[in-house]
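Use the sequences and the hints to build the structure in full.
Number of protein chains: 2
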Amino acid sequence: MGIEIERKFLVRDDGWRTEGAPHVQPVLLRQGYLSSHPERVVRVRIEGDHAVMTIKSKAVGVSRGEWEYPLPVADAAEFLDRLCEQPVIEKYRRRIPYAGFVWEVDEFLGVNAGLVVAEIELPAEDTAFDKPDWVGEEVTHDKRYLNSNLISHPYSAW
Amino acid sequence: MGIEIERKFLVRDDGWRTEGAPHVQPVLLRQGYLSSHPERVVRVRIEGDHAVMTIKSKAVGVSRGEWEYPLPVADAAEFLDRLCEQPVIEKYRRRIPYAGFVWEVDEFLGVNAGLVVAEIELPAEDTAFDKPDWVGEEVTHDKRYLNSNLISHPYSAW
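So the protein lines, in turn, are chains D and V. Residue numbers in the first sequence follow UniProt numbering, run continuously in steps of one, and reach 158 at the last position. Residue numbers in the second sequence follow UniProt numbering, run continuously in steps of one, and reach 158 at the last position.
None of these hints come from the bench; they were simulated from the model. Take the hints with a grain of salt, since some may be wrong.
One copy or two, it doesn't matter: identical chains are merged, so the pair holds either way.
Claimed, not checked - Straight-line distance between alpha carbons at most 25 Å, and here's what the computed SDA-like set of lysine to any residue pairs gives: (1) LYS58 x ARG30; (2) LYS58 x ALA74; (3) LYS56 x ARG45; (4) LYS131 x ARG95; (5) LYS131 x GLU6; (6) LYS143 x LEU122; (7) LYS143 x THR18; (8) LYS143 x ILE5; (9) LYS56 x SER152; (10) LYS143 x ARG45; (11) LYS8 x ASP81.
Rendered as structure tokens:
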């Protein structure tokens, strides 16, 4: 098991597109859930030419247990199309280096279009980090922004 | 993906212990569910020294899509103890050959003690097969006997 320590923020403006990552190529992620129960999330994700299944335990503070296994892409595609809770999440991810860390900026598509969040993964809960100017309000503890909740309560319906 | 074609029966009496399988060693299975939703079952099972994760799609008739992946036993144990819906299912399984097929006889423990079911996996939905004398009423379509339902509605509470 790994422990995922992650903090999530809204973006303040389009700075992430211009200053942040003019040369960063976005990667399309398709992901869905075989379970979106907060105590036992089972996520299926296709990123480019590979796929993974991720199990997540309940978050305690900003930490969460996480187990990841490779999946055949064909199986993952079948899960996303036929088994997962619908609709599945589609988003462009950009990995933007800044001050020694990598910010993952997710630009959502489909029913969540208009939503952009920036996440940073930390080695410890109390690790200090600098924020780029385009990073705004923290939403780590706002459950509406959980990807597993954006299926049943998409951003377009807020 | 595999297709699982399976029929399930109650046992009529203790014949499976005596005639059926006097020499068959039972194997202890521990299994639990990260999702027991009928359209996307995610089962974790430890059998002896190995573990698997199985994804099952909704059953159509007696057939069901099934995908199976090996899991590290330590991960599976952590899922069963900490993440899966509780209580987990424990049962002794005996594999009993009869007339060209193998019957899996599951003797449940814990909150499902007293329940014994016999299952046969078939190559096609219309495959003919002989039943041993100790095999009784068919319960393939009785959802109470789904292992995933025996957690929330255990046999001891029927």
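Now the hints, each set against the structure:
{"no.": "1", "hint": "LYS58 x ARG30", "in the structure": "both (22 Å within a copy, 22 Å between copies)"}
{"no.": "2", "hint": "LYS58 x ALA74", "in the structure": "between (29 Å within a copy, 19 Å between copies)"}
{"no.": "3", "hint": "LYS56 x ARG45", "in the structure": "both (13 Å within a copy, 18 Å between copies)"}
{"no.": "4", "hint": "LYS131 x ARG95", "in the structure": "within (14 Å within a copy, 60 Å between copies)"}
{"no.": "5", "hint": "LYS131 x GLU6", "in the structure": "within (14 Å within a copy, 56 Å between copies)"}
{"no.": "6", "hint": "LYS143 x LEU122", "in the structure": "within (20 Å within a copy, 45 Å between copies)"}
{"no.": "7", "hint": "LYS143 x THR18", "in the structure": "neither (29 Å within a copy, 56 Å between copies)"}
{"no.": "8", "hint": "LYS143 x ILE5", "in the structure": "within (16 Å within a copy, 40 Å between copies)"}
{"no.": "9", "hint": "LYS56 x SER152", "in the structure": "both (19 Å within a copy, 22 Å between copies)"}
{"no.": "10", "hint": "LYS143 x ARG45", "in the structure": "within (20 Å within a copy, 31 Å between copies)"}
{"no.": "11", "hint": "LYS8 x ASP81", "in the structure": "neither (28 Å within a copy, 29 Å between copies)"}
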